[in-house]
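Keeping the supplied structure of chain P fixed, place chains B and X upon it in accordance with the hints.
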Amino acid sequence: MKVVVCLKRVPDVAEVDLQLDPSGRRIRTEGLPYVINDWDNYALEEAIRIKERTGGQVIALTVGKEPDEEVLRRALALGADDAIRIWDPLLEEADPFLIAVVLSQAIKGLAFDLVLTGVQASDDGYAQVGPMMAEMLGIPHVTLVTHLGFEGKKALVRRELEGGLEEEVEVELPALLTIQSGINEPRYVSVLGIKRVAKKEIKVLDLEALGISPSEIRPKIKVEKLFVPPSGEGAEILKGSPEEVSDKVLEILEKGGVI
Amino acid sequence: MAEHRQGQLRDITFEMLKKAQGLSEALGQEVHTVLIGEGLSEMVEGVRPYCHKVHLVPVEGVKEFEGEVYQAALTRLIKDLTPSLVLIGHTAQGMDLAPALACAINSPLVSDCYDFGFREGRFWAFRQVYGGKLSAQVEVEGSPVIVTVRSGSFEAEGLRTLGGQVVSWEGPVGVFPYKRFLRFVEAPRAEVDITQAEVIVSVGRGIGGPENIPLAEELAKALGGVLACSRPVVDKGWLPKERQVGTSGKTVKPKVYIALGISGAFQHVAGMKQSGLIIAVNKDPKAPIFGVAHYGIVGDLLQVVPVLLAKLKERKK
Amino acid sequence: MEFAQKFELYACLQCGKCTGGCPVAMRTPLNVRMLMREALIYGVDVLLGRPEIWDCTTCKTCTLRCPRKLEPSEVLIAIRAKLVESGRIPKNVIDALEATYVHGNPWGRARQKRTEWAKGLGVKEVAAGERVELLGFVCCAVAYDPRLQPIAQTFAKVMAISGVDFGIIGIEESCCGNEIRRMGEEGLFEELKDSNKALIEGSGAKEVVALSPHCFNALKNEYRLEGVRAIHYTEILEGLISQGRLPLKGPLAKRVVYHDPCFLGKQNGVYEAPRRVLEAIIGTAPLEFSRSRETSLCCEGGGGRMWVEGTGTGVRNSEIRVKEALEMGAEVVATACPFCLLTLEDALKTTGLEGKLEVKDILELLGEALGVEVDR
Chain P
1 MKVVVCLKRV PDVAEVDLQL DPSGRRIRTE GLPYVINDWD NYALEEAIRI
51 KERTGGQVIA LTVGKEPDEE VLRRALALGA DDAIRIWDPL LEEADPFLIA
101 VVLSQAIKGL AFDLVLTGVQ ASDDGYAQVG PMMAEMLGIP HVTLVTHLGF
151 EGKKALVRRE LEGGLEEEVE VELPALLTIQ SGINEPRYVS VLGIKRVAKK
201 EIKVLDLEAL GISPSEIRPK IKVEKLFVPP SGEGAEILKG SPEEVSDKVL
251 EILEKGGVI
Chain B
1 MAEHRQGQLR DITFEMLKKA QGLSEALGQE VHTVLIGEGL SEMVEGVRPY
51 CHKVHLVPVE GVKEFEGEVY QAALTRLIKD LTPSLVLIGH TAQGMDLAPA
101 LACAINSPLV SDCYDFGFRE GRFWAFRQVY GGKLSAQVEV EGSPVIVTVR
151 SGSFEAEGLR TLGGQVVSWE GPVGVFPYKR FLRFVEAPRA EVDITQAEVI
201 VSVGRGIGGP ENIPLAEELA KALGGVLACS RPVVDKGWLP KERQVGTSGK
251 TVKPKVYIAL GISGAFQHVA GMKQSGLIIA VNKDPKAPIF GVAHYGIVGD
301 LLQVVPVLLA KLKERKK
Chain X
1 MEFAQKFELY ACLQCGKCTG GCPVAMRTPL NVRMLMREAL IYGVDVLLGR
51 PEIWDCTTCK TCTLRCPRKL EPSEVLIAIR AKLVESGRIP KNVIDALEAT
101 YVHGNPWGRA RQKRTEWAKG LGVKEVAAGE RVELLGFVCC AVAYDPRLQP
151 IAQTFAKVMA ISGVDFGIIG IEESCCGNEI RRMGEEGLFE ELKDSNKALI
201 EGSGAKEVVA LSPHCFNALK NEYRLEGVRA IHYTEILEGL ISQGRLPLKG
251 PLAKRVVYHD PCFLGKQNGV YEAPRRVLEA IIGTAPLEFS RSRETSLCCE
301 GGGGRMWVEG TGTGVRNSEI RVKEALEMGA EVVATACPFC LLTLEDALKT
351 TGLEGKLEVK DILELLGEAL GVEVDR
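Residue numbers (the working numbering), protein chains in the order written: chain P, 1 to 259; chain B, 1 to 317; chain X, 1 to 376.
Only chain P is shown next, with the shape it has when bound in the complex:
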């Protein structure tokens, strides 16, 4: 089976005090630690497992600059057969739509059986690229996949709904699936493993190589500015009697969309 998997490298911002760059539209990235997007990691593991089970190929792609090749090296270390990085200066302000355009263009001639992406990215969290790619490629898609099986030329998947409920969906291949975290247990990729694939070729494609003209590059959405949502530093201590604090907690839970 030929599986295409799309990966993104994102900053790990868990304990970082994010600073805005002068434009106010992006964060300052100097000194930030970067990791493979968690959902994409599950997708990659799933792709490799499919290859291990059924034979075939795995092709990994990313849209980004040279440091982003790190996620492709991870894929190669895990046994991916090919790795492609797409970049062009015109993609600096790319939105999910444009990312989907270039990714689709890169893979449309590859006669794949399956395209896997993560449900969303942990930095901007749009959750758009996967289904948009499917639409552009003219293949069906299923999102939030928690379990994946094959039956001939069909994929039998389970997808995650709300409140612990899931649904079973049957889809004909070729198809695109967005993979939910927890579908599998990603294995570890060692430093030596990465070193071993350091010399493997990563194809780099720009817009010209993809056959996309600059006039086709217009993002549909744009971040106008980033701002800090109003909140406090350290725990806001709620004061009062058990009655009073309970009321406050209920309010907080409501605002958080929990109840």
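What the hints contain is simulated information worked out from the structure, not anything from laboratory work.
Take the hints with a grain of salt, since some may be wrong.
[Unchecked claim] Cβ pair distances, simulated, as ranges: (1) M1/P / K316/B: 45 to 51 Å; (2) K199/P / G227/X: 32 to 38 Å; (3) K199/P / T313/X: 46 to 52 Å; (4) E272/X / G256/P: 54 to 60 Å.
Even for Gly, the Cβ is constructed at its ideal location relative to N, Cα and C.
Same frame as chain P, now just chains B and X:
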């Protein structure tokens, strides 16, 4: 788009209606709701009063959400009705449908928004980025604008009566044999996997003893979540290992983490510090948990939790 | 066969001295004698699926006792290395290794916050271009864990009080890699070593002092430092005390028993320095466990055990230890290793001995004896 499942309209529908009503007033535009599938006559009265028009798109054999069907129906409706804004829930349905729809009709999509509107004719939306550490103001190019709305962003209360008309659409929507909804599956409950929970109520040594754990469990249930704990609780045998959060236990990233009687020892915090909303209850005002929590209550959890639980139960009624 | 040759497995007598001294042999299925045999006869691959591989604390007792000078602990680490290459290792180990790669510490804490413990103490940082005579290697756990930060803070203050030209690396310090290597990630260990080594050797320091015996072990035995000698903090303190450079206020009236950490004691032979320091603090020689020095009972905190629970059930060694301390009438268990400290303190909680016994690092006791205050 009205969202429904198993014959019931889902809450997000009314949250979106609330916001739509507000926009409708401000912009002088109508609110139209779309109901697709089967069993529509049972559901239509649930939305009709709150919008100007309800469009029913009956599709035989499609009782539950099918992305291809909904996309085809909405594509037609959008072409005919030319709305300025299309609201879909940022839910399992919306995440499947909206991006493909946006692509098909060549419209901008801003997903997972918690607020949005028009200012001097220009659309704006707010959404969270970087795990909620920052918010982004997003602008678009193109029309209509499709927005998927984050659950819980708007109150589904105080909806005005707009006395809507019902319009039934005729004609086939299309057949899509290459993708089919088969059935629902209840998630397996054989083993507790706290890492997949959206809400966690976690207990530490401050719970006092195993006899108090059912109280915490009740709170977890009332919030639709699961019970977890810190290491000492497992060590004492009060809860099984699979519930442990921490460096030698599990790492969790739920939407809400309520820490009861947990001091916030380093190894525990490492396993839950990425939780979306952390509320801590502890007798010790210097407990390190307050350094990582968003909200804190300095007090006796055995006094606070029963009251909180009672209020939650009342609210449900 | 390559594996058997590399570790000279055919020379193993099967005498059982290794398993006989193994601190977890009674509590877990780990039988290192048998592993040596099976690796020879069946090849190492059959051993890869055994969960008890992760029970080993790498205390090295087996290697130290082997009459043929074989290295069962290294065999075990090599098995882990194969597992690491296969990617099939426990989730907690994956998290610790990935965190170390990304953030420079296995706890996943931000590198930017590595020196927060030193705020307001005016500690020199060599990465900022300063040069020092004595370089401190702080240790990830000590740098980030609020329970352990007083160890570093007290040491920094002691350095200031005694006028030593002391400094630390700063946020560029990464995990020493001692546990990383013992969890099988050779490649990551090499990267950590290369990075730290360059910083240490470039500091101008003649000596690098480690606050943790685990860091001490790596720096002394595995880094091959050039022109810099690695020591443990107890050795520095011993020197300062014997030179009368520490204004001790008078003996602390506490009954203290000393627990030898494996990585300080049996692996690196540092037994006297911590005892002399304690004697200066409490005015008398500390109490001794019956299993002390070379036969000290491993607390089960090393070899990745801070992240892997282990398969064993029943009473833990750390619980045995604190109960022994109570029985001998001790008020404080003193140790010189942050992992021992955390593990033994945990044991106080699970045995219900909190309030009856305390676990302290030697530096904490020194701080008390000097009247040095630190933020807790």
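Status of the hints after comparison with the structure:
The given range of 45 to 51 Å is respected by M1/P and K316/B, whose C-beta atoms sit roughly 48 Å from each other. For K199/P paired with G227/X, a C-beta distance near 35 Å keeps the hint of 32 to 38 Å intact. Taking the beta carbon of each, K199/P and T313/X are about 48 Å apart, inside 46 to 52 Å as hinted. Here the CB-CB span from E272/X to G256/P is close to 58 Å, well matched to the stated 54 to 60 Å.
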